[in-house]
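Trainee: With the sequences and hints as input, model every part of the structure.
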Amino acid sequence: DQQVKQNSPSLSVQEGRISILNCDYTNSMFDYFLWYKKYPAEGPTFLISISSIKDKNEDGRFTVFLNKSAKHLSLHIVPSQPGDSAVYFCAFTPGGATNKLIFGTGTLLAVQP
Amino acid sequence: EAQVTQNPRYLITVTGKKLTVTCSQNMNHEYMSWYRQDPGLGLRQIYYSMNVEVTDKGDVPEGYKVSRKEKRNFPLILESPSPNQTSLYFCASKRLSSGRAKSYEQYFGPGTRLTVT
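Those sequence lines, one after another, are chains A and B. Residues in the first sequence are numbered from 10 upward in steps of one, following the numbering used here. Residues in the second sequence are numbered from 33 upward in steps of one, following the numbering used here.
Among the hints, erroneous ones may be present.
[Unchecked claim] Label-pair ranges, simulated between beta-carbon atoms:
1. B/147 / A/78: 40 to 48 Å
2. B/102 / A/27: 41 to 49 Å
3. B/149 / A/64: 43 to 51 Å
4. B/120 / A/14: 17 to 25 Å
5. B/86 / A/25: 44 to 52 Å
6. A/18 / B/49: 30 to 38 Å
7. A/37 / B/76: 15 to 23 Å
8. B/137 / A/17: 19 to 27 Å
9. A/117 / B/137: 36 to 44 Å
10. A/66 / B/149: 40 to 48 Å
11. B/33 / A/14: 31 to 39 Å
12. A/119 / B/145: 19 to 27 Å
13. B/86 / A/24: 24 to 32 Å
[Unchecked claim] Straight-line Cα separation of at most 20 Å, PhoX-like style, residue types lysine-lysine; simulated pairs:
14. A/109 / A/46
15. B/134 / A/63
16. A/14 / A/77
17. A/80 / A/65
18. B/134 / A/109
19. B/89 / B/101
20. B/49 / B/97
21. B/49 / A/109
22. B/97 / B/50
23. A/109 / B/103
24. A/77 / A/63
25. A/46 / A/14
26. A/109 / B/89
27. A/77 / A/65
28. A/65 / A/46
Hints are computed from structural coordinates only; laboratory data are not their basis. C-beta: ideal position from N, C-alpha, C; glycine also.
Mentor: In structure tokens, the structure reads:
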């Protein structure tokens, strides 16, 4: 049973435009959501996170939005750059199990020059 | 440089031939974990360890073993590999969350691509 779903397996965006990656979850009990970025032949690297008590967190070109009533998480990248092309995974830590990460299925972002 | 290393990076083997994938971290992290990544399924946790000599099953532990005799090392053992264990494997580590000291970010190794024929 997939607790975290990324319904778009892939996304293509023009350089300079906004990239929006989405994540839907079913578990209402969580502490943190995190976004990881993965390049080919490398391990995932942490990108940005948001706690359950916030609805927005911003770090440079990256902003994560959390809509708890809709159980929806999104990552905005603006402006998008070719170096942003990678697979993006959302993940969350279940409430009471902050040492565990449950991952989504991933979205492949391609930023076209 | 703070890092998680895995060896080998690529491995092709045959059904039933025991193998070990090594994982080592130099960040003095208490928590270590193994994941497998499969198309359409994301990363799924195989086993994890909260500290030396403390290991526990993740979501997909069948067919795997682990050990944690030293803090820095967390090898993944496949006693009798089967084709359904063909996958991309990642080791990860993090500082342990306890009480008010929360730690969420896990640091991943570069991955081991395993093919079992």
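Trainee: Evaluate each hint against the coordinates.
Mentor: So, going through the hints one by one against the coordinates:
1. B/147 / A/78: 40 to 48 Å: Roughly 44 Å apart at Cβ, these two residues keep to the hinted range, so it holds.
2. B/102 / A/27: 41 to 49 Å: With Cβ atoms ~46 Å apart, the hint holds.
3. B/149 / A/64: 43 to 51 Å: holds, 49 Å
4. B/120 / A/14: 17 to 25 Å: Distance hint for residue 120 of chain B, residue 14 of chain A holds at roughly 20 Å.
5. B/86 / A/25: 44 to 52 Å: holds, 49 Å
6. A/18 / B/49: 30 to 38 Å: holds, 34 Å
7. A/37 / B/76: 15 to 23 Å: Cβ of residue 37 of chain A to Cβ of residue 76 of chain B: about 21 Å, so the range 15 to 23 Å holds.
8. B/137 / A/17: 19 to 27 Å: holds, 25 Å
9. A/117 / B/137: 36 to 44 Å: violated, 22 Å
10. A/66 / B/149: 40 to 48 Å: With Cβ atoms ~45 Å apart, the hint holds.
11. B/33 / A/14: 31 to 39 Å: The hint (31 to 39 Å, Cβ to Cβ) holds, given that residue 33 of chain B and residue 14 of chain A are roughly 35 Å apart.
12. A/119 / B/145: 19 to 27 Å: holds, 22 Å
13. B/86 / A/24: 24 to 32 Å: The hinted range 24 to 32 Å is violated for residue 86 of chain B and residue 24 of chain A, with Cβ atoms some 47 Å apart.
14. A/109 / A/46: holds, 18 Å
15. B/134 / A/63: holds, 16 Å
16. A/14 / A/77: Given that 20 Å is the threshold and the Cα spacing comes to 15 Å, the pair holds.
17. A/80 / A/65: Holds: residue 80 of chain A and residue 65 of chain A sit about 14 Å apart, inside 20 Å.
18. B/134 / A/109: holds, 12 Å
19. B/89 / B/101: holds, 17 Å
20. B/49 / B/97: Since the Cα atoms of residue 49 of chain B and residue 97 of chain B sit roughly 14 Å apart, the hinted pair holds (cutoff 20 Å).
21. B/49 / A/109: violated, 31 Å
22. B/97 / B/50: Distance of about 11 Å is within 20 Å: holds.
23. A/109 / B/103: holds, 18 Å
24. A/77 / A/63: Judged against 20 Å, a Cα distance of about 9 Å means the pair holds.
25. A/46 / A/14: holds, 16 Å
26. A/109 / B/89: Roughly 12 Å separates the two Cα atoms, so the pair holds.
27. A/77 / A/65: Within the cut-off at roughly 11 Å; holds.
28. A/65 / A/46: holds, 19 Å
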